[in-house]
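S.K.: Chain by chain, the residues:
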Amino acid sequence: MSAHTEYLSFTTRQRRELVNITDRLAEIVKRSRIQEGMCLVSAMHITAAIWVNDEESGLKQDFQQWLDVLAPAKPDYIHHRTGEDNADAHLKRTLVHHQVILPVTAGKLDLGPWEQIFYAEFDGQRKKRVVVKVLGE
Amino acid sequence: MSAHTEYLSFTTRQRRELVNITDRLAEIVKRSRIQEGMCLVSAMHITAAIWVNDEESGLKQDFQQWLDVLAPAKPDYIHHRTGEDNADAHLKRTLVHHQVILPVTAGKLDLGPWEQIFYAEFDGQRKKRVVVKVLGE
Amino acid sequence: MSAHTEYLSFTTRQRRELVNITDRLAEIVKRSRIQEGMCLVSAMHITAAIWVNDEESGLKQDFQQWLDVLAPAKPDYIHHRTGEDNADAHLKRTLVHHQVILPVTAGKLDLGPWEQIFYAEFDGQRKKRVVVKVLGE
Numbered sequence: 006m007s008a009h010t011e012y013l014s015f016t017t018r019q020r021r022e023l024v025n026i027t028d029r030l031a032e033i034v035k036r037s038r039i040q041e042g043m044c045l046v047s048a049m050h051i052t053a054a055i056w057v058n059d060e061e062s063g064l065k066q067d068f069q070q071w072l073d074v075l076a077p078a079k080p081d082y083i084h085h086r087t088g089e090d091n092a093d094a095h096l097k098r099t100l101v102h103h104q105v106i107l108p109v110t111a112g113k114l115d116l117g118p119w120e121q122i123f124y125a126e127f128d129g130q131r132k133k134r135v136v137v138k139v140l141g142e
Numbered sequence: 006m007s008a009h010t011e012y013l014s015f016t017t018r019q020r021r022e023l024v025n026i027t028d029r030l031a032e033i034v035k036r037s038r039i040q041e042g043m044c045l046v047s048a049m050h051i052t053a054a055i056w057v058n059d060e061e062s063g064l065k066q067d068f069q070q071w072l073d074v075l076a077p078a079k080p081d082y083i084h085h086r087t088g089e090d091n092a093d094a095h096l097k098r099t100l101v102h103h104q105v106i107l108p109v110t111a112g113k114l115d116l117g118p119w120e121q122i123f124y125a126e127f128d129g130q131r132k133k134r135v136v137v138k139v140l141g142e
Numbered sequence: 006m007s008a009h010t011e012y013l014s015f016t017t018r019q020r021r022e023l024v025n026i027t028d029r030l031a032e033i034v035k036r037s038r039i040q041e042g043m044c045l046v047s048a049m050h051i052t053a054a055i056w057v058n059d060e061e062s063g064l065k066q067d068f069q070q071w072l073d074v075l076a077p078a079k080p081d082y083i084h085h086r087t088g089e090d091n092a093d094a095h096l097k098r099t100l101v102h103h104q105v106i107l108p109v110t111a112g113k114l115d116l117g118p119w120e121q122i123f124y125a126e127f128d129g130q131r132k133k134r135v136v137v138k139v140l141g142e
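Chains as they are written, first to last, in the working numbering: chain A, 6 to 142; chain B, 6 to 142; chain C, 6 to 142.
Some clues are possibly wrong.
Chain copies aren't distinguished; within one or between two, either way the pair holds.
What the hints assert, rightly or not - Derived lysine to aspartate or glutamate pairs resembling EDC-like cross-links, with alpha carbons at most 20 Å apart:
{"id": "1", "residue 1": "Lys65", "residue 2": "Asp90"}
{"id": "2", "residue 1": "Lys79", "residue 2": "Glu32"}
{"id": "3", "residue 1": "Lys113", "residue 2": "Glu11"}
{"id": "4", "residue 1": "Lys113", "residue 2": "Asp81"}
{"id": "5", "residue 1": "Lys65", "residue 2": "Glu89"}
{"id": "6", "residue 1": "Lys113", "residue 2": "Asp28"}
{"id": "7", "residue 1": "Lys113", "residue 2": "Asp73"}
{"id": "8", "residue 1": "Lys113", "residue 2": "Glu89"}
{"id": "9", "residue 1": "Lys79", "residue 2": "Glu89"}
{"id": "10", "residue 1": "Lys65", "residue 2": "Glu11"}
{"id": "11", "residue 1": "Lys79", "residue 2": "Glu61"}
{"id": "12", "residue 1": "Lys65", "residue 2": "Asp81"}
{"id": "13", "residue 1": "Lys35", "residue 2": "Glu60"}
{"id": "14", "residue 1": "Lys113", "residue 2": "Glu32"}
{"id": "15", "residue 1": "Lys132", "residue 2": "Glu89"}
{"id": "16", "residue 1": "Lys132", "residue 2": "Asp90"}
{"id": "17", "residue 1": "Lys35", "residue 2": "Glu61"}
{"id": "18", "residue 1": "Lys132", "residue 2": "Glu22"}
{"id": "19", "residue 1": "Lys79", "residue 2": "Glu41"}
Simulated from the structure, these hints should not be mistaken for laboratory data.
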């Protein structure tokens with residue numbers, strides 16, 4: 006069995022951004038030389054998530070608007086008494102989930118025809134990390 | 006270490022369906038001959054999910070109605086300008102999450118007393134796949 | 006490859022509770038002696054979840070109130086015709102997701118600076134279990 010670990014860093018320009026990381030993950034799997042296994046992709050900061058969905062600009066806008074309805078940015082969260090203003094980002098991360106496992110088959114990411122992997126930043130403009138760990142043989 | 010991969014196919018009769026796949030997954034784990042490990046179950050199409058919950062018809066109806074409240078089917082998504090009409094299915098997949106990892110212990114799925122695994126289709130009536138990968142020894 | 010499995014038990018005093026289990030998970034990883042791998046943490050009962058977020062009391066209150074808005078406790082779920090009264094707990098588990106995979110690097114949980122792992126009980130006051138399986142080498 007073999008394990009290969011890398012960390013991706015993100016400092017987004019906008020507070021909220023979706024960054025397509027599919028190609029970067031494919032390269033990490035290639036470097037790992039693992040033929041059969043699983044690739045964990047997990048946002049290490051608690052106001053970011055990982056989303057597997059379509060690279061379609063309209064859907065990405067729908068997604069952001071939908072998250073704002075279900076987990077709205079607003080002043081009156083209790084968390085904000087600490088001086089923070091990002092409680093909605095914690096809730097958005099929860100809703101989207103902060104990690105995925107990608108299957109690795111025959112040395113490559115084993116994705117469906119439209120599956121693209123996104124780093125979903127909800128409170129950016131500062132350096133944050135994602136851990137990528139490939140396990141297999 | 007050993008890896009075993011199979012793909013399940015679904016062409017549901019209804020646009021939205023819950024299909025209990027627990028027995029099929031148990032058979033895959035048996036065929037893998039893996040005694041200790043993890044079994045990844047991941048919907049490869051971006052309008053389907055995997056749900057682990059109760060095989061109780063009332064709860065399954067509550068689940069569908071609840072998803073329709075939080076991620077309603079409606080015409081005015083931006084995604085629909087592409088000619089699609091399934092933006093709500095993308096959002097429902099996001100909410101439920103598209104994958105689970107099932108522990109494999111002593112050669113069997115290590116589930117709680119009521120845990121059943123469902124393929125949750127939100128835009129069916131066409132062929133779609135789920136990847137199942139068992140990793141362990 | 007090596008696998009190490011333990012089960013955590015919870016009988017919460019309150020019906021709904023968040024229990025920080027980060028230290029208990031770190032000890033399990035230590036006992037596993039696995040240096041590189043993945044640690045699955047999965048709630049085996051279908052009215053509980055696992056949440057990775059901040060140990061901050063205000064945010065934890067916001068989280069609970071938010072879940073009550075999105076998946077309210079109310080009498081008129083169809084599931085309740087079975088005599089149950091916990092349909093909202095099934096939906097809350099779905100929203101938060103019932104499991105996480107924690108990376109294990111150099112023999113330790115490889116967490117971000119604020120990531121804490123919580124057992125999220127939505128229908129407690131009775132014994133329930135979480136399976137923890139560490140896989141690696």
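S.K.: Taking the hints in turn, state whether each one holds.
M.R.: The hints, checked one at a time:
1. Taking identical chains as interchangeable, the C-alpha atoms of Lys65 and Asp90 lie at most 20 Å apart only when they sit on different chains, with a minimum of 15 Å there against 24 Å within one chain.
2. Taking the closest pair of Cα atoms, Lys79 and Glu32 never come within 20 Å of each other, the shortest separation being 39 Å inside a single copy and 39 Å across copies.
3. In this homomeric assembly, Lys113 and Glu11 come within 20 Å of each other (Cα to Cα) both inside a single copy, at 16 Å, and across copies, at 16 Å.
4. Taking the shortest alpha-carbon separations for Lys113 and Asp81, neither the intra-copy value of 46 Å nor the inter-copy value of 37 Å comes in at or below 20 Å.
5. Proximity of Lys65 and Glu89 under a CA criterion of 20 Å is satisfied inter-copy only: 14 Å between copies versus 27 Å inside one chain copy.
6. Proximity of Lys113 and Asp28 under a CA criterion of 20 Å is satisfied intra-copy only: 11 Å inside one chain copy versus 28 Å between copies.
7. In this homomeric assembly, Lys113 and Asp73 never come within 20 Å of each other (Cα to Cα): the closest approach is 35 Å inside a single copy and 36 Å across copies.
8. Taking CA atoms no more than 20 Å apart as the test, Lys113 paired with Glu89 passes in neither setting, with 41 Å inside one copy and 30 Å between copies.
9. In this assembly of identical chains, Lys79 and Glu89 lie within 20 Å of each other by CA distance solely inside one copy; the values are 12 Å within and 32 Å between copies.
10. Taking CA atoms no more than 20 Å apart as the test, Lys65 paired with Glu11 passes in neither setting, with 27 Å inside one copy and 31 Å between copies.
11. In this assembly of identical chains, Lys79 and Glu61 lie within 20 Å of each other by CA distance solely across copies; the values are 18 Å between and 28 Å within a copy.
12. When the C-alpha separation of Lys65 and Asp81 is checked against a cutoff of 20 Å, the pair qualifies only between copies, where the shortest distance is 14 Å, while the shortest distance within a copy is 27 Å.
13. With identical chains, the CA atoms of Lys35 and Glu60 are never at most 20 Å apart, being 22 Å at best within one copy and 37 Å at best between copies.
14. For a Cα distance limit of 20 Å, the shortest separation of Lys113 from Glu32 inside one copy, 9 Å, qualifies, whereas the shortest one across copies, 26 Å, does not.
15. Taking the closest pair of Cα atoms, Lys132 and Glu89 come within 20 Å of each other only inside a single copy of the chain (17 Å); across copies the shortest separation is 36 Å, beyond that limit.
16. Taking identical chains as interchangeable, the C-alpha atoms of Lys132 and Asp90 lie at most 20 Å apart only when both belong to the same chain, with a minimum of 18 Å there against 37 Å between chains.
17. Proximity of Lys35 to Glu61 under the C-alpha cut-off of 20 Å is found in neither arrangement, the shortest distances being 26 Å within a copy and 39 Å between copies.
18. In this homomeric assembly, Lys132 and Glu22 come within 20 Å of each other (Cα to Cα) only inside a single copy, at 13 Å, whereas the closest approach across copies is 32 Å.
19. Neither within a single protomer nor between protomers do Lys79 and Glu41 lie at most 20 Å apart by alpha-carbon distance, with minima of 45 Å and 41 Å respectively.
Of the numbered hints listed earlier, those contradicted by the structure are 2, 4, 7, 8, 10, 13, 17 and 19.
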